[in-house]
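Visitor: From first to last, the protein sequence lines are chains A and B. So the number in the working numbering is just where the residue sits in the first sequence, counting from 1, plus 1038. So the number in the working numbering is just where the residue sits in the second sequence, counting from 1, plus 1038.
Quick caveat, the hints were computed from the structure, so don't treat them as lab data. In this text, a Cβ means the ideal position worked out from N, Cα and C, and glycines have one as well. Warning: the hint list may mix true and false statements.
What the hints assert, rightly or not - Computed beta-carbon distance windows for the label pairs: (1) L1111(B) x D1058(A): 30 to 36 angstroms; (2) R1123(B) x D1126(A): 30 to 36 angstroms; (3) T1181(B) x F1135(A): 36 to 42 angstroms; (4) G1195(B) x K1198(A): 38 to 44 angstroms.
As the list claims (entries may be wrong) - Among chain B residues calculated to face chain A with C-beta under 8 angstroms, some are: (5) D1040; (6) K1041; (7) A1043; (8) T1074; (9) Q1079; (10) A1083; (11) A1138; (12) T1163; (13) H1164; (14) V1171; (15) T1184; (16) T1190; (17) V1191; (18) P1197; (19) S1201; (20) S1202.
2 protein chains.
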Amino acid sequence: MDKTAFFRMSSGLYIVSARDGMERSGCVVNTLLQVTAQPAQLSVAVNKDNYTADVIRRAGRFTAVVLDQTSTLESIGRFGFRSSRDLDKFEGIPTGFDEAYMPYPTEHICARFSCRVVETVDVGTHLLFIGAVEEAEPVGLGTPLTYDYYRTVIKGGTPKNASSYHGS
Amino acid sequence: MDKTAFFRMSSGLYIVSARDGMERSGCVVNTLLQVTAQPAQLSVAVNKDNYTADVIRRAGRFTAVVLDQTSTLESIGRFGFRSSRDLDKFEGIPTGFDEAYMPYPTEHICARFSCRVVETVDVGTHLLFIGAVEEAEPVGLGTPLTYDYYRTVIKGGTPKNASSYHGS
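Just chain A, with the same shape it has in the complex (with noise of 0.2 angstroms):
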């Protein structure tokens, strides 16, 4: 198996995030993808070490983001090489909120859902949750960053928490 077979499929990058009582967290994810029409469901692969993907499962929610091409290493770091078990990654930065009080950066973005989980699938290292998209709106007019523009363009790394890692 020649691994860098995978590093020729497309994505985009994106923040997803939820709040359970007090706490809140995100985490930056390649894996956010639509996965029907009608109804519209999104699905996201989080891995189980990242504190957000405790928190979805037991707020039963999540938003999401897609992140443009405004987005920096700095900005992108809070959420990606950071963990939400120490400190509040929202804090200090513009938070939206959905009709659930579910938290969302508003800034660096171009599109942002929220969805109710309807089924959350083992898939070994990660959660992959099916979610019921409740609200989806375009945020501006920035160019969706893909996850190729952020390791040749921005020069940014993967955690090692990622779907997609292939370091040793």
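With chain A's structure known, arrange chain B on it following the hints.
Guide: Coordinates of chain B only, in the frame set by chain A:
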């Protein structure tokens, strides 16, 4: 809900295919995703109305190829807008076979995968197949075709069975 938000998600374009006995089937999807790295697993959502969903279910396996930018409306149309019920889509085009003798197209691609289905999730209009990757290889040096490139440069349409179809 503003469905234009979904257009801001990024994806590649892929052909998934399978064989059961003498029947072979394949279709174009933009729903292939790497869900885990250790071990490597892919997921793919296929519309239940697509003959390919049937054949994958019976075969318990699928192949997936990553289309590259040399793809044309014609090469994509063969797999995207016709049904394997009516014709053998592999008839007359260069076809490769994996170790389980599952077919895959060998032109206009830059990577290929072979998966054994480990779980099938019914998500409504679509089946979501989770596959353990048994073979993976990059093919040639082509640039992966994104769904965005397909729509904006190749000027391609979206079949109504697609997860991302938003027509009326």
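Visitor: Look at each hint and say if it fits the structure.
Guide: For each hint, the structure was consulted:
no., hint, verdict
1, L1111(B) x D1058(A): 30 to 36 angstroms, "violated (48 angstroms)"
2, R1123(B) x D1126(A): 30 to 36 angstroms, "violated (54 angstroms)"
3, T1181(B) x F1135(A): 36 to 42 angstroms, "holds (40 angstroms)"
4, G1195(B) x K1198(A): 38 to 44 angstroms, "holds (40 angstroms)"
5, D1040, "holds (5 angstroms)"
6, K1041, "holds (7 angstroms)"
7, A1043, "holds (4 angstroms)"
8, T1074, "holds (5 angstroms)"
9, Q1079, "holds (6 angstroms)"
10, A1083, "holds (4 angstroms)"
11, A1138, "violated (15 angstroms)"
12, T1163, "holds (5 angstroms)"
13, H1164, "holds (5 angstroms)"
14, V1171, "holds (7 angstroms)"
15, T1184, "holds (5 angstroms)"
16, T1190, "violated (12 angstroms)"
17, V1191, "violated (14 angstroms)"
18, P1197, "violated (11 angstroms)"
19, S1201, "holds (5 angstroms)"
20, S1202, "holds (5 angstroms)"
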